[in-house]
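Could you build the full structure based on these sequences and the hints that come with them?
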Amino acid sequence: MNVIVDGSPVTARSGQTVAAVLHELGQTSWRTTRRSGRPRGIFCGIGVCFDCLIVVNGLPDVRACQRLVADGDVIATQYGVRLPDEAEVAR
Amino acid sequence: MAAMSGPSGSETVVVVGAGIIGAACAEALSARDIPVIVLDRGGIASGTTSRCEGNVLVSDKPAGPELDLIRASRAEWPDLLARIGASDDVEWEDKGGLVVATDEDTAAALAQFAAAQRAVGVSAQPVDAHDVRGLEPHITPDVCHAVYYPQDAQVQPVLATTALLRAVRQRGGSVRSGVTVLGVHHDRHAGGIRAVVTDQGEIGCAAIVNAAGPWAGQLSDRLGAPVPVQPRQGLILVTAPLPPTVRHKVYDADYVGAVLSGDAALQTSTVVESTAAGPILIGSSRQRVGFSDRIDPAILFEIARKAIRLFPALRSVPLMRAYGGLRPYLPDHLPVIGPDLRVPGVWHATGHEGAGIGLAPATGRLVAELFTGAPPHLDPAPFRVDRPSLGRVA
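Line order of the protein sequences matches chains S and X. Using my numbering, read the first sequence as starting at 4 and increasing by one per residue. Using my numbering, read the second sequence as starting at 2 and increasing by one per residue.
Simulated from the structure, these hints should not be mistaken for lab results. The beta carbon of each residue, even a glycine, is placed where N, CA and C say it ideally should be. Misleading hints may appear alongside valid ones.
Unchecked claim - Label pairs and their calculated CB-CB ranges:
1) S:Ala-90 / X:Asp-129: 26 to 32 Å
2) X:Asp-129 / S:Val-51: 31 to 37 Å
3) S:Thr-31 / X:Arg-306: 35 to 41 Å
4) S:Thr-31 / X:Gln-113: 55 to 61 Å
5) S:Ala-93 / X:Arg-388: 52 to 58 Å
6) X:Asp-106 / S:Gly-18: 52 to 58 Å
7) X:Arg-248 / S:Phe-46: 30 to 36 Å
8) X:His-378 / S:Val-51: 43 to 49 Å
9) X:Asp-297 / S:Arg-38: 31 to 37 Å
10) X:Ser-178 / S:Arg-41: 33 to 39 Å
11) S:Gly-18 / X:Pro-332: 52 to 58 Å
This is the structure:
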């Protein structure tokens with residue numbers, strides 16, 4: 004299947020989490036902290052710590068370690084905090 | 002059993018409960034040079050204090066004794082924080098409250114409620130529907146009337162409790178967690194009590210203050226001075242950290258009805274506020290379920306649904322978690338503050354239901370004033386334990 008990661012097309016396999024897709028690309032960070040802008044990626048890897056948050060299809064704060072990729076997903080780095088993009092979420 | 006070490010003695014006051022109310026009582030007593038020992042069966046702020054919203058609300062109280070108490074307490078909060086050097090440590094926010102109505106009947110009830118508050122001196126400023134979005138840009142366009150309460154504030158309750166207990170320790174008092182109070186020893190010669198009996202020994206003292214929150218009813222039985230405090234559960238949702246989205250404490254005007262009801266059945270009413278850390282807290286419910294800490298998902302859905310009605314921008318925002326807390330509830334919706342004349346030496350400071358954070362400073366101050374014989378800063382009579390509205394308490 005095909006997904007978009009920060010604007011670039013990427014091939015992914017069914018059953019992979021968003022975090023697995025990114026790690027396979029060699030990417031270990033996909034969020035910046037909201038105050039000091041420091042990089043964050045996988046920490047606990049089991050859905051508890053909410054550190055690996057990322058934007059998927061306009062919805063921020065998605066846990067990359069829990070979310071399975073779906074064909075056509077638009078995945079984007081999460082800079083700090085933001086509200087969901089309702090138009091993109093609805094689509 | 003052996004006596005416990007520490008500053009126990011014939012002058013000491015033992016405060017039971019290391020939540021906000023116990024901490025405020027201990028701070029006020031120690032500020033008047035009374036030796037205090039704070040005991041808690043669990044840890045500091047491990048009960049209701051860590052499972053609430055940190056409300057300091059003038060807005061939700063109708064004219065009457067609880068409004069008098071919160072107005073005194075609201076005025077006391079900044080002074081108290083300054084006195085203990087904690088003004089910048091406890092996420093105190095003078096953010097103001099906005100109460101909104103989305104239908105004409107509720108709007109009329111809200112206008113009437115606010116007019117009665119203004120008559121006794123509360124700042125309750127009517128806001129026209131077309132001005133509401135200037136105060137809260139994300140609020141629903143369905144608001145037809147609102148009232149702005151500049152005195153409403155917010156504080157992080159665990160930090161505030163910790164700061165109060167730090168001041169107590171700095172004055173020589175002590176705070177002990179994991180200690181269960183079993184009863185008291187009476188002083189047969191002098192009257193009153195001479196010691197508190199715990200699961201870890203006895204503590205010599207002159208008085209004991211029951212600040213055990215939802216568990217105050219159980220403790221009061223053990224002290225031979227029963228007060229009918231019952232737990233009432235409230236549930237709160239926590240969103241992911243968000244950019245600034247909600248500026249004030251915003252709540253639906255039907256909140257007042259839910260707080261003032263004694264009905265055992267579930268009631269929910271919308272309260273939405275941001276926190277200094279970023280997440281938004283969404284409350285809340287009221288339900289009498291005993292001491293159960295079980296969370297009913299159906300209630301969470303209802304709270305979320307009503308919050309989205311007020312703030313449509315929250316529709317897709319993820320929730321990180323939900324928590325429930327027990328509120329110490331008395332049937333006439335007023336706290337008990339002061340001595341219990343049935344058992345000299347036993348004092349109560351409990352039953353504040355969902356308003357304990359806001360009411361803590363005035364409660365502590367009143368206890369200390371009554372204990373030392375100083376003139377009280379407000380009339381203590383409505384909060385007496387032997388008031389007629391508590392029924393069976395003789």
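Evaluation of the provided hints:
1. S:Ala-90 / X:Asp-129: 26 to 32 Å: Check passed, 30 Å falls within 26 to 32 Å.
2. X:Asp-129 / S:Val-51: 31 to 37 Å: violated, 46 Å
3. S:Thr-31 / X:Arg-306: 35 to 41 Å: 38 Å Cβ-Cβ, so the 35 to 41 Å window holds.
4. S:Thr-31 / X:Gln-113: 55 to 61 Å: Cβ of Thr-31 (chain S) to Cβ of Gln-113 (chain X): about 60 Å, so the range 55 to 61 Å holds.
5. S:Ala-93 / X:Arg-388: 52 to 58 Å: holds, 56 Å
6. X:Asp-106 / S:Gly-18: 52 to 58 Å: Holds - the Cβ-Cβ distance for Asp-106 (chain X) and Gly-18 (chain S), about 54 Å, lies within 52 to 58 Å.
7. X:Arg-248 / S:Phe-46: 30 to 36 Å: holds, 32 Å
8. X:His-378 / S:Val-51: 43 to 49 Å: holds, 47 Å
9. X:Asp-297 / S:Arg-38: 31 to 37 Å: Given range 31 to 37 Å: holds, Cβ gap about 35 Å.
10. X:Ser-178 / S:Arg-41: 33 to 39 Å: holds, 35 Å
11. S:Gly-18 / X:Pro-332: 52 to 58 Å: holds, 57 Å
Violated hints amount to a single one, hint 2; each of the other numbered hints is respected by the structure.
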